[in-house]
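Assemble the whole structure, with the sequences as input and the hints as a guide.
Here is what each chain is made of, one letter per residue.
Number of protein chains: 4
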Amino acid sequence: MASTAPRQRRKDARPQELLDAALALIVEKGFAATRSEEVAARAGVAKGTLYRYYPSKDELFKAMVRENLSMHIAESAAQAAQYQGPIAGLLQQMMQAWWAKVGHGNAGVVCKIMMIEARNFPELAKFYVDEVINPSKRLIGGLIERGIASGEFRAVPIEATVHLLIAPMLHMLLHEHSFGEHDICHETMTAEELLDAQMALLLHGLLADSSRT
Amino acid sequence: MASTAPRQRRKDARPQELLDAALALIVEKGFAATRSEEVAARAGVAKGTLYRYYPSKDELFKAMVRENLSMHIAESAAQAAQYQGPIAGLLQQMMQAWWAKVGHGNAGVVCKIMMIEARNFPELAKFYVDEVINPSKRLIGGLIERGIASGEFRAVPIEATVHLLIAPMLHMLLHEHSFGEHDICHETMTAEELLDAQMALLLHGLLADSSRT
Amino acid sequence: MASTAPRQRRKDARPQELLDAALALIVEKGFAATRSEEVAARAGVAKGTLYRYYPSKDELFKAMVRENLSMHIAESAAQAAQYQGPIAGLLQQMMQAWWAKVGHGNAGVVCKIMMIEARNFPELAKFYVDEVINPSKRLIGGLIERGIASGEFRAVPIEATVHLLIAPMLHMLLHEHSFGEHDICHETMTAEELLDAQMALLLHGLLADSSRT
Amino acid sequence: MASTAPRQRRKDARPQELLDAALALIVEKGFAATRSEEVAARAGVAKGTLYRYYPSKDELFKAMVRENLSMHIAESAAQAAQYQGPIAGLLQQMMQAWWAKVGHGNAGVVCKIMMIEARNFPELAKFYVDEVINPSKRLIGGLIERGIASGEFRAVPIEATVHLLIAPMLHMLLHEHSFGEHDICHETMTAEELLDAQMALLLHGLLADSSRT
DNA sequence: AATGAATGAGAGTTCATTCAT
DNA sequence: CATGAATGAACTCTCATTCAT
Numbered sequence: 000m001a002s003t004a005p006r007q008r009r010k011d012a013r014p015q016e017l018l019d020a021a022l023a024l025i026v027e028k029g030f031a032a033t034r035s036e037e038v039a040a041r042a043g044v045a046k047g048t049l050y051r052y053y054p055s056k057d058e059l060f061k062a063m064v065r066e067n068l069s070m071h072i073a074e075s076a077a078q079a080a081q082y083q084g085p086i087a088g089l090l091q092q093m094m095q096a097w098w099a100k101v102g103h104g105n106a107g108v109v110c111k112i113m114m115i116e117a118r119n120f121p122e123l124a125k126f127y128v129d130e131v132i133n134p135s136k137r138l139i140g141g142l143i144e145r146g147i148a149s150g151e152f153r154a155v156p157i158e159a160t161v162h163l164l165i166a167p168m169l170h171m172l173l174h175e176h177s178f179g180e181h182d183i184c185h186e187t188m189t190a191e192e193l194l195d196a197q198m199a200l201l202l203h204g205l206l207a208d209s210s211r212t
Numbered sequence: 000m001a002s003t004a005p006r007q008r009r010k011d012a013r014p015q016e017l018l019d020a021a022l023a024l025i026v027e028k029g030f031a032a033t034r035s036e037e038v039a040a041r042a043g044v045a046k047g048t049l050y051r052y053y054p055s056k057d058e059l060f061k062a063m064v065r066e067n068l069s070m071h072i073a074e075s076a077a078q079a080a081q082y083q084g085p086i087a088g089l090l091q092q093m094m095q096a097w098w099a100k101v102g103h104g105n106a107g108v109v110c111k112i113m114m115i116e117a118r119n120f121p122e123l124a125k126f127y128v129d130e131v132i133n134p135s136k137r138l139i140g141g142l143i144e145r146g147i148a149s150g151e152f153r154a155v156p157i158e159a160t161v162h163l164l165i166a167p168m169l170h171m172l173l174h175e176h177s178f179g180e181h182d183i184c185h186e187t188m189t190a191e192e193l194l195d196a197q198m199a200l201l202l203h204g205l206l207a208d209s210s211r212t
Numbered sequence: 000m001a002s003t004a005p006r007q008r009r010k011d012a013r014p015q016e017l018l019d020a021a022l023a024l025i026v027e028k029g030f031a032a033t034r035s036e037e038v039a040a041r042a043g044v045a046k047g048t049l050y051r052y053y054p055s056k057d058e059l060f061k062a063m064v065r066e067n068l069s070m071h072i073a074e075s076a077a078q079a080a081q082y083q084g085p086i087a088g089l090l091q092q093m094m095q096a097w098w099a100k101v102g103h104g105n106a107g108v109v110c111k112i113m114m115i116e117a118r119n120f121p122e123l124a125k126f127y128v129d130e131v132i133n134p135s136k137r138l139i140g141g142l143i144e145r146g147i148a149s150g151e152f153r154a155v156p157i158e159a160t161v162h163l164l165i166a167p168m169l170h171m172l173l174h175e176h177s178f179g180e181h182d183i184c185h186e187t188m189t190a191e192e193l194l195d196a197q198m199a200l201l202l203h204g205l206l207a208d209s210s211r212t
Numbered sequence: 000m001a002s003t004a005p006r007q008r009r010k011d012a013r014p015q016e017l018l019d020a021a022l023a024l025i026v027e028k029g030f031a032a033t034r035s036e037e038v039a040a041r042a043g044v045a046k047g048t049l050y051r052y053y054p055s056k057d058e059l060f061k062a063m064v065r066e067n068l069s070m071h072i073a074e075s076a077a078q079a080a081q082y083q084g085p086i087a088g089l090l091q092q093m094m095q096a097w098w099a100k101v102g103h104g105n106a107g108v109v110c111k112i113m114m115i116e117a118r119n120f121p122e123l124a125k126f127y128v129d130e131v132i133n134p135s136k137r138l139i140g141g142l143i144e145r146g147i148a149s150g151e152f153r154a155v156p157i158e159a160t161v162h163l164l165i166a167p168m169l170h171m172l173l174h175e176h177s178f179g180e181h182d183i184c185h186e187t188m189t190a191e192e193l194l195d196a197q198m199a200l201l202l203h204g205l206l207a208d209s210s211r212t
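Chains as they are written, first to last, in numbering that gives the first Met the number 0: chain A, 0 to 212; chain B, 0 to 212; chain C, 0 to 212; chain D, 0 to 212.
It is possible that some hints are incorrect.
Remember, identical chains collapse to one label, so a pair may be satisfied in a single copy or spanning two.
Taking lysine-lysine and the PhoX-like style, the derived pairs with C-alpha atoms no more than 25 Å apart in a straight line are [unchecked claim]:
1. LYS125 <-> LYS136
2. LYS56 <-> LYS136
3. LYS56 <-> LYS46
Hints were generated in silico from the structure; no laboratory data involved. Given the structure is predicted, the values throughout are model-derived calculations rather than measurements.
Right under this line is the structure:
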């Protein structure tokens, strides 16, 4: 009968609130410059309470990364299976979907944080590479292989092409987070414009003349 | 006659030695996790000696970044003027030259460090954007404009295309530094292969069929 | 019911305990030679605890001075209003009361500390001058003026006479604190004897002969 | 023949130059806040040179105090013998002479420094008490005794009266050095005015009525 | 003898972590 | 459980002192 009391509900939500607070502050200032007490304060609890949920600052960080990535991975896996139709359009859909999900939100900034902290948290980096980077590459690489096999694409090198597809989006993400604020660097182009340009360029090439060597 | 004494000779080399030590350690572990004393030790001097040359850890960091970027800027400016011939080839040359210079060496890792520390050192970030990022973009953007004006290229959007050219190289740099070691992620592709694929893709597009929409 | 827990009780007393420890040590060795950790240790807490209450050694010092002076000022103001009767007796009462309160206790040593550290803490010195020195001078100066106006005293110069009244007491204070210990200088005279002699001398003069010029 | 060369003359003056530099800086900022290097710089030599003349900062300090006091002592002893005539006038002369010599100049500030540092340099304090304070007291005390013996003075307590004579001058010295600068406390009275008032007060007393008990 | 580069013990301050309440 | 007072290891920076030149 007794439905979960507010106190209980509050407690159940604690871990996620702490993780969110940690993410926000670590994105803002970096892992080292983020004080445990700040994280707790932002989550609305006292310093000591944090340690009832995570045994150390490092573990809090790892949990935060894992949690955010896990959600991302689960969603992505579900979506990846759905794509149908010609590969070129599929690629475009996927890129747009990726940006919509990652470009604005937690998963995106976690990518940046992983890049920054990879060397300080090797196990975490391995997890990230195994669970996020490599699966993504395999997914896109598989599409390109299908495109080549079907004759839709030229016989481009898989790995390099995957990299060329991924890098611009990721780089935009990092760049915006690093330089986008405080009047340092106003990027006038939107992500959508970049994506369109990328697809157009990939499909049609840069040259005006369409003759091939 | 009086040849420079060893003491003096060492003194002259100190700033650079300290800067190099700082760079190596900061790349390795990040700015916050790098202790002043470690920097000094790696440069072969005692803790206090560092402070004879740089008044604080922050100033040491800034000097290290500025010094490495300055060299890079000077060299790049000198090279940029020399390019001749058809734009497509020119672009390729430039990209290859950039990688040769930046891909392996200090300038490259400084790019990564700047990305990471931009929010903690806003003036430095501004300097980096003004002196490195924007000039680079202007250089490449100018080439593309020339290519379009001469009819060599299609009328692609400049900013996005510049981004698409730059991002893969930079991303590779960051990725290698973050995940390339400790068995985390063996990138099987070399930068040269990536560059070749990038140029081929840009010039010819991805599609097997050459008909244009 | 919930009586204040020991932890809480200690917390409430901490600031005063730290201030007392700081006073004792600074009197003993001077501000510069007193280490934060010593202050903490004398107050029975660890180094870090001090910084929960005062954000720096300087602020601890200022708080200590202000706190001790504030108490002194409040008490003095209350007493000053009470004096009644002939001025000569009044002066004597005041001097005796001042010594009883300041001569042995915190307020007195704070006078010494202020003298020593005035140049290193100008704002504090200004506070001390405004809140302690000048009010004291005004109080005594006012009494002397009243004595002159009523015909009780000769027309002596106010400022100089105030100084002549104050200086011996203060000097005794300083002297005792600086040289009174470690067998350096045994002052055989007590403050009470000094005060009596001072009043006798002031009232009757030094000369045996009573003829005036 | 070869009269002392400039180099030699320079070297002979070094100790005194270093002592003077030390005095000036220690008066300005206190012993602890005065860096050895500053002393050397002010004396026009390099840091290391200071250590060729004084083996440590402490020893430099002691030498500085001893040197300044020695000069003072020698001069004072010479002058003390010369006084002749009625004691009252003699006392006045001595006080004026003391102020003229000590009030402006090194000996005066050394008094302040000794007060401040007495507890950190006990041997030095002992030296100061034995060689400066006690002789001065004996000198003045002797005069007062002579005045009493000759019937010129009333039978005042010697020690207290000596203190009452000395304290106002010394206090003025200390006060000016501590609060006289930076708009903290403008003393409007000059030392001469104070001295005059002191002598008048001592000789004639404060009371308008000349009747004696 | 003079120099000033180098040293390293030591001081102030921070903050992750613990634990009495 | 939650709290936040207390802790002390760790870190930055200073400066008296040394010693190769």
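Going through the hints against the structure:
Proximity of LYS125 to LYS136 under the C-alpha cut-off of 25 Å is restricted to the intra-copy arrangement: shortest distance 15 Å within a copy versus 34 Å between copies. Proximity of LYS56 and LYS136 under a CA criterion of 25 Å is satisfied in neither setting, with 31 Å inside one chain copy and 40 Å between copies. Taking the shortest Cα distances, LYS56 and LYS46 sit within 25 Å of each other both inside one copy (11 Å) and across copies (23 Å).
Hint 2 alone, counting from the list given before, is not met by this structure.
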